[in-house]
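These protein sequences, in sequence, are chains A and B.
Per the numbering used here, residue 1 is the first one in the first sequence, and the count goes up by one each step.
Per the numbering used here, residue 1001 is the first one in the second sequence, and the count goes up by one each step.
If you're looking for bench data, these hints aren't it; they were derived computationally from the structure.
Check each hint, because a few of them may be wrong.
Below, computed lysine-lysine pairings styled on DSBU-like, alpha-carbon distance capped at 35 Å [said to hold, decoys possible]:
1. K309(A) - K526(A)
2. K322(A) - K1041(B)
3. K1002(B) - K78(A)
4. K1063(B) - K215(A)
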Amino acid sequence: MTLITKAEDEPMSACNTGADLLVQSILREGTDVVFGYPGGAVLPLYDALYRQKVRHILTRHEQGAIHAAEGYARISGKPGIVIATSGPGATNLVTGLMDAYTDSLPVVVFTGQVTRAVINTDAFQEADVIGITASATKHNFQVRDVQDLPQMVHEAFYIAATGRPGPVLVDLPKDICKAQPDPQAEEPAIHLRGYHIPGEVSEAQIRNLAGAIEKSVRPVLLAGAGVQHAMASERLRAFAQSQQIPVVSTLLGLGSFPASHPLFLGMGGMHGTYTANMAISECDLLINVGSRFDDRLTGNLTRFAPGAKIAHIDIDPSEIGKNVPVDYPVVGDANAALGKLEKAMIPCKDRRDWLARLSAYTRKHPQHYDDTAGDETIPPQLLIERICHYAGPDAIVTTDVGQHQMWAAQYYRFERPNHLASSGGLGTMGFGFPAAIGAQVAEPGKQVIAIVGDGGFQMTLEELAVVRELNLPVKIIILNNHALGMVRQWQEAFYGQRYSHSRSSFQPDFVRLAESYGIDGRRIGKKADIDPALDAAMQTPGPVLIDCHVRQMANVYPMVPPGKGLQEMTGV
Amino acid sequence: MKRNIIAIVTTNSGVLGRIGNLLSRAQLDVDGLTMQKLPGKGMSDISMLIDTDDAHKVDHFIKQMDRFVDVISVADMT
């Protein structure tokens, strides 16, 4: 039997509802795709999407939708858009919102809400989304009048994408979406009295910093995610080169400076290179460009860059001086600041002694791993190197969180900006695979590789349906150690080898799982399997999953143990 | 030490919630809090009395508050 009734309770003018106005407002922002999941409170909105032929990607869980939107935003630089229903639909987004907030990703989220008349009555699928997400968003608001929709949508996109980017949530009571708005003649404008974006970079701050660089004998640049958000990679490269200043990257800064450049020292921090951490420890001037001095980067703050003056370029004034006292603050966009700095500088000082000292560290303590376990097993670090070899410098990589993420950061050579999407600040397992979907949607012509662990992949693997349905050629590479590797590593090192709930006694057959979704699957477990499997995967036009069984007891080294300074690395 | 923080905010629902969340996250003890609508401008002023000897924590709290879209200005008036 076919059920045909009028749309819910009201006769409705087909193209003139609040939901239509909302969709038109979203399209006005230049949107080409939205990620979402329908439900009762957003039925009017989905009806408008149906009428207006918006490209909508149906994920299989709201968490998948928001991580996909994050991946899209990270790679394209444009806001990722998410739609979810009220109550559980909205609460399923909270992890992704916090993830986007922590890593400064522009995401605009539209959540359904129960009708205004029953808000705060514990109505079906009601949740206080504004209250719940207040701490996980750059801004959020609930629409109270249908006439406000164009303005609010415009402001939501503006807030998400300007200044320090971040997620913005717009909560939509169902009756607002069903209401019939009056025609609006005026284009929406921005009226945000309390929203300040730093303006011109201060000349005085730049002069002070330029003077400090001129005096410095052992300077180091620290490149954070802000370099990529500001599209300042080219400026950073030119500046580092002209001043002969070596560059250390944060995790989220990887790709902002070419890995193959002679001035690049690698990632710093807990699992950074020895040279990068010694450069920070022995420099006389640390110039942080767009990073927030995260604790995984600094180690013990009392031993961080002990003899150095600290310069910090950041668009968010609240980051300056938050964790590390700053001698030379520069508030502003990294691209603008580096441009002004370049102009303010005199020709380069001779820094050959400093660079030679750092080169000697690299020769003495190069990044290395244990490759002595024989050919019947796969060292995970080797696997990453081979993925990098087969994928090439233009491939986009996404990761989850844990050992595989750190090995990817250490052994994958990121040459270009905006080619890595990883959950840095929040450390969200389950991020990598849906983020790869968003990245592939943003860059349909590029090779996208999701490097994930067996633990994290099981948190969002339902999105296999999406890559099959859209035939997205994402290559999913599981570093399968039958364990929550980083948890197990810490239990080995700091909890007396008591492996409490970190090793899997059961896991699914990932190959057959992929095949059940109509995706090519392959399992490898020996060194000799690596190259043929990767070669075949890269030649396959559609999605492929490779279940790589790697050494369970492999550990991520070198490491700065918790509570120690960067100069106290183990496993170098 | 008692710190007197004054803010001018846009009169939107949610702004007080955000500030309350931040106070809680910053682990700042609030001795007093008032919010009052300013006549005819869509703005309100908020006055907070905070008891702490940690100047860095208060400075950071003020910077974080200033990030809020609905906070027009905020200052330590102690």
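Hints, one by one, checked against the model:
Taken as a hint, the K309(A) and K526(A) pair is broken in the structure, with Cα atoms around 49 Å apart against an allowance of 35 Å. Under the criterion of a C-alpha separation no larger than 35 Å, the hint pairing K322(A) with K1041(B) is consistent with the structure, at around 34 Å. Between K1002(B) and K78(A) the CA atoms are separated by roughly 44 Å; this puts the pair beyond 35 Å, and the hint is violated. At most 35 Å may separate the alpha-carbon atoms for a hinted pair to count; K1063(B) and K215(A) meet this at roughly 31 Å.
In the structure shown, a violation is registered for the earlier hints numbered 1, 3, in ascending order.
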